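Novice: If you're matching them up, the sequences are chains A and B in order. The numbering of the first sequence is this note's numbering, which starts it at 108 and goes up by one. The numbering of the second sequence is this note's numbering, which starts it at 2 and goes up by one.
The set of hints was computed from the structure by calculation and includes no laboratory data. On a predicted model such as this, the values are computed, not experimentally measured, just so you know. There could be a bad hint or two in this list.
Stated by the list, open to error - Partner residues aside, some chain A positions facing chain B, computed with beta carbon under 10 angstroms:
id : residue
1  : V300
2  : H324
3  : F354
4  : L365
5  : I371
6  : V387
What the hints assert, rightly or not - Here are the simulated DMTMM-like pairs of lysine to aspartate or glutamate, each with C-alpha atoms no more than 25 angstroms apart in a straight line:
id : chain 1 : residue 1 : chain 2 : residue 2
7  : A       : K376      : B       : D286
8  : B       : K243      : B       : E289
9  : A       : K378      : B       : D262
From the three backbone atoms N, C-alpha and C, an ideal C-beta is built for every residue, glycine too.
These are the residues of each chain, in order.
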Amino acid sequence: MSEASPLLSMENLAKWFPVRGGFFGREKLHVKAVDGVTLSIRRGETFGIVGESGCGKTTLGRTLMRLTEASGGHILFEGADITGLRGRRLKPFRRKMQMVFQDPYASLDPRQNIRSALTEPMMLHHVVSSKSLANSFAAELIEKVGLNPDHLSRFPHEFSGGQRQRVAIAAALAVKPIFVVLDEPTSSLDVSVQAQILRLLKNLQNELGLTYILISHNLAVVRQTCDRTAVMYLGRVMEVAETHRIFENPKHPYTKALLSAVPIPDPTKRKSLHVLEGDVPKPTAIPEGCRFRTRCEFATAKCGSDFPPLVEIEPRHFVECHYDIDFIGKERRELSPAQFQGASTLPPGHV
Amino acid sequence: MSTTKGEILRVSNLRVSFNTYAGEVKALDGVELSVKKGEVLGLVGESGCGKSVTALAVAGLLPPNAIVLNGSVQLDGKEVLGMSKKDLQTIRLEEVAMVFQDPMTFLNPVLSVGSQITEIISTRPELFTSRLINHRIGEIERGGAKSGPMEEEWARLQTALQRGKLSKKDFDRLAKEYTISVLASVNLPEPDKVFRMYPFELSGGMRQRAMIAMALVRRPKLILADEITTALDVTVQAQVLKLLRDLKTEIDASIVLITHDLAVIAELCDRVAVMYAGNVVELADVGELFSNPLHPYTKGLLASVPRVDVPSASPDAGIAGSVPDLIRPPSGCRFHPRCPKAFDKCPQVKPPFIEVAPGHFVACLLYGGVP
């Protein structure tokens, strides 16, 4: 894991969707689904992206994968800017990055058997040199994801939800990618099956040296599987740090609220359920200044006027907030970008 | 078996099948369940285990292709199975209310929230008249100042209460006021505004509150809440869970909370019933179930739940295999093909539901019942 060369980085990445609003649709508005995200993903890590529905986590994943065009910013894969690449020049990168979607029934072709779902991309990307090698690699893959080669001649509808997600994982791995975006891979599964799939993903990562981005709304899944975690709200990253820091020492008021809302499967640890009031604002009308201020219990006038700085509050723990909330109540301590001594040694935007 | 004192619901040996093109789906295979007055019973299990079918049977809402083969559902002493359609309507109006996972499907999109709720009230004036009047009288009395028009209204309502009749105008006005007060009780912001809004104008969390309000307006003795927080974001889920917890102390109703999420169960329930493939396999107090699970399925389920409060342990393997096809369910104990502790008797004998400790029931041959 070399600090110097991240596998993938995004710089100020944005994806705005134009929509019509107002009277007779005269107004032109934008849904700012992703609104300036800067992150870098290290080789071999599992990077978690959490947030509530509509926070832009799936759009971020799709934009990264070049499944949808970015409206601004850059995507660097192994140092190469792939933001504007097309056709033949993009194809080698397509092979290296793959995605597993939430609903495997929607992402697998219902009229294609599993063998051809696995071998077709292999041939297309010249991962194997012949049809027979493709077939034997498909058999190897299907065993790797815990199914057996008999399953290759079956169709997606013949599988249960968990098996289908195993097939979707095998299909993603068919082109020997080095980077996989997992978009809510276990959300449609039962909890006993979810545990099987999460373990499978971990084993595959260790065996094949994969780098993952895990997009999830389930904080417990993220805590159990990710090395680092970013918390998103309305298209921006509010906080990034190693997972244990996010969960043990959250610094952003949103992260705190999110964590305190998660019920714990232990009746002896019932909580007062600290409740975050209200709903997420409309993404066409994102609040000025800090976008979380409308629901933040610590918000001040400054939060409404000034865009919050990105602060490295402790080593490699970044927060986009005006204040150190752990000091609120004692004395209000404002944060500035130079908060942490080591911050200056990092290149700008290296989050 | 009938409901004993202190029980609002008793389901015994309930067996329900569905006729489908693929064959007969044996959805419930002898469900045993009881709900005590004033408690929150959690009904937990994975998809297809029969938790929703159990609730539908209790509310008399089973679809036409369902066949009740056996068993009884006693709701406050009355047998629900085999009841006439009209009696079932009365039961659903007065005694049991169901709240569903997806409120958008169960709210009428072309009626405002308020009119959908007042409709419930105005279809049964005989049931609601005295309740509406008492509500308004209570409000006036709480207001203190009994003077002028208020005093006049109070006197008028008192006579109306004695006669048991209200003018149409007064009835509609009081129904609206009562509805708004119920909307306020589920913490909907600006309830008088929500009264006039249509379902599409509400957010997911607000819609779910509107559904809960719709259930509460009837003052049911039993609320069946089917996966009501599943479609919600975690912060909104916390709002709804908090609401349920507050309501539990305010209203005099029992709640059956159906969910696949053990964390929600731990947060809210008094007792828990764990279902698997059409059976209740374990039932105990919530503390007992989480600290001393007995059934191998319960153990596997608890070990599978990822936790947000402890650092990453090696994730457990879950439970091997997947949920069986209920057209051809496994013989004997339906869990035996996935059970790490299965032995030779398990495929042969259906384990009885036995009380192994006071209030702790389990259906597993490891704890007895081997012939």
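Novice: Hint by hint, note whether the structure agrees.
Specialist: The hints, checked one at a time:
With its C-beta approaching chain B no nearer than about 6 angstroms, A:V300 sits inside the 10 angstroms limit, and its interface hint holds. Given hint, A:H324 at the interface with chain B, holds; its Cβ is 7 angstroms from that chain's nearest Cβ, closer than 10 angstroms. Checking A:F354 against chain B by beta carbon gives a least distance of about 7 angstroms; that is within 10 angstroms, so the hint holds. Residue-level restraint check for A:L365 holds (minimum Cβ-Cβ distance to chain B is 6 angstroms; threshold 10 angstroms).
The interface hint given for A:I371 holds, since its Cβ lies 5 angstroms from the closest Cβ of chain B, which is under the 10 angstroms cut-off. For A:V387, the shortest C-beta to C-beta distance to chain B is roughly 8 angstroms, which falls under 10 angstroms, so the interface hint holds. Using a Cα cut-off of 25 angstroms, the hinted pair A:K376 and B:D286 holds, with the two alpha carbons roughly 15 angstroms apart. Between B:K243 and B:E289 the alpha-carbon distance is near 23 angstroms, which keeps this suggested pair within the 25 angstroms criterion.
With a C-alpha separation of about 16 angstroms, the suggested pair A:K378 and B:D262 falls inside the 25 angstroms cut-off, and the hint holds.
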